[in-house]
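For the record, the sequence lines run as chains A and B. The working numbering puts the first residue of the first sequence at 1, with every later residue one more than the last. The working numbering puts the first residue of the second sequence at 1, with every later residue one more than the last.
Treat the hints with care, as some may be off.
What the hints assert, rightly or not - No farther apart than 27 Å at their CA atoms in a straight line, the calculated lysine-lysine pairs in the DSS-like style are these:
{"id": "1", "chain 1": "B", "residue 1": "K11", "chain 2": "A", "residue 2": "K166"}
{"id": "2", "chain 1": "A", "residue 1": "K152", "chain 2": "B", "residue 2": "K11"}
{"id": "3", "chain 1": "A", "residue 1": "K152", "chain 2": "A", "residue 2": "K166"}
Stated by the list, open to error - Here are the in silico distance ranges between beta carbons for each label pair:
{"id": "4", "chain 1": "A", "residue 1": "T68", "chain 2": "B", "residue 2": "N32", "range": "24 to 32 Å"}
{"id": "5", "chain 1": "A", "residue 1": "G18", "chain 2": "B", "residue 2": "R22", "range": "35 to 43 Å"}
{"id": "6", "chain 1": "A", "residue 1": "P161", "chain 2": "B", "residue 2": "S28", "range": "37 to 45 Å"}
If you are wondering where the hints come from, they were derived from the structure by calculation, not from laboratory data. Beta carbons: idealized from backbone N, C-alpha and C, even for Gly.
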Amino acid sequence: MMPISASDGQLISRLQGGDLDALGILYERYKTRVYRTALAITREPSAAEDLLQDTFLRLHRYAQHINTALPLEPWLYRVTVNLAYTRETRRKRWQTPLDGVIDKLTSPARHNPEWQAEMNELQTRVMSAIASLSFNQRTVLVLYYLNSLSLKEISFILDCPVGTVKSRLHYGRENLFQKLGAGRQATQEMVYEFI
Amino acid sequence: MNSYRVNELDKIVRNSLQDALRSAEPSSDVWNRIKSNLELENTETHTKIGAFFANLLFRGMRLGDVFLSTPGWQAGMYEQQTDLFVRISVYPGANIIALGVV
Numbered sequence: 001m002m003p004i005s006a007s008d009g010q011l012i013s014r015l016q017g018g019d020l021d022a023l024g025i026l027y028e029r030y031k032t033r034v035y036r037t038a039l040a041i042t043r044e045p046s047a048a049e050d051l052l053q054d055t056f057l058r059l060h061r062y063a064q065h066i067n068t069a070l071p072l073e074p075w076l077y078r079v080t081v082n083l084a085y086t087r088e089t090r091r092k093r094w095q096t097p098l099d100g101v102i103d104k105l106t107s108p109a110r111h112n113p114e115w116q117a118e119m120n121e122l123q124t125r126v127m128s129a130i131a132s133l134s135f136n137q138r139t140v141l142v143l144y145y146l147n148s149l150s151l152k153e154i155s156f157i158l159d160c161p162v163g164t165v166k167s168r169l170h171y172g173r174e175n176l177f178q179k180l181g182a183g184r185q186a187t188q189e190m191v192y193e194f195i
Numbered sequence: 001m002n003s004y005r006v007n008e009l010d011k012i013v014r015n016s017l018q019d020a021l022r023s024a025e026p027s028s029d030v031w032n033r034i035k036s037n038l039e040l041e042n043t044e045t046h047t048k049i050g051a052f053f054a055n056l057l058f059r060g061m062r063l064g065d066v067f068l069s070t071p072g073w074q075a076g077m078y079e080q081q082t083d084l085f086v087r088i089s090v091y092p093g094a095n096i097i098a099l100g101v102v
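Just need the whole structure built from these sequences, with the hints factored in.
Put into structure tokens, the structure is as follows:
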């Protein structure tokens, strides 16, 4: 039995030898992060679980081709995003009206008794705003905000140049803030300091 | 909008996204599905198809539902708001592209 403290590389090596216990340990280690990433992109729990399932089935299938010297987590995100993109192209998207959210988000009255209750609604509306973005912009924002990944890591996951990631992040944030209620004039003054 | 407000928005979006998903966890059923799929990979094609239909019956297959398959190895199910899509995977060369239930 493989110890749960084994490194990713050790577990992949065991998996390459057909050890399914190693896959189980990797699943327990990364299931939550992969699931939340998939959920942030799809907003559907059942779809996120399907993506989680397919990501680890691919890990099993392609274990022989994985470089054990490299970190596994970006590879898992890469597969998750690719699967999400395939799914995205097969279904319709929907949008939710988001007028006025920006004012609530930046309200100085955040310590009022009502503020916490409103935050729950705002979280939902921020999620909706992110979900209404294009797949490319949404994915970059999720990886950047939720997973706190660097531009270099995101470029590996998306298999595109860092400049492309920077561009998608820039326009994604601009679109997000506009959907939350800020006009274009407001977002023109944004100053970005990316990792 | 000044840069202070932009930074505040950035922080709020990050916090909102992380907080909204903080308690999100996959069901324990996912790992069982993964193991079932891996077991299916070691079975013959006709057994896979039998397991597929058994799975449909278990999940409430209805008259008139349409099921589509794509090349690959694992079986899975996608339930959406109004449509039910099921993906079945068979061994290459099994020549099953689409399955319809009538």
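Evaluation of the provided hints:
Distance hint between K11 (chain B) and K166 (chain A) is fulfilled; the C-alpha atoms sit about 18 Å from each other, no more than 27 Å. This hinted pair checks out: K152 (chain A) and K11 (chain B) have alpha carbons roughly 21 Å apart, not beyond 27 Å. For the hint pairing K152 (chain A) with K166 (chain A), the CA-to-CA distance comes to about 10 Å; that is within 27 Å, so the pair holds. Roughly 27 Å separates the CB atoms of T68 (chain A) and N32 (chain B), a value that falls within the hinted 24 to 32 Å.
Between G18 (chain A) and R22 (chain B) the beta carbons are some 36 Å apart, a value that agrees with the proposed interval 35 to 43 Å. Taking 37 to 45 Å as the suggested C-beta distance range, the pair P161 (chain A) and S28 (chain B) conforms, at roughly 40 Å.
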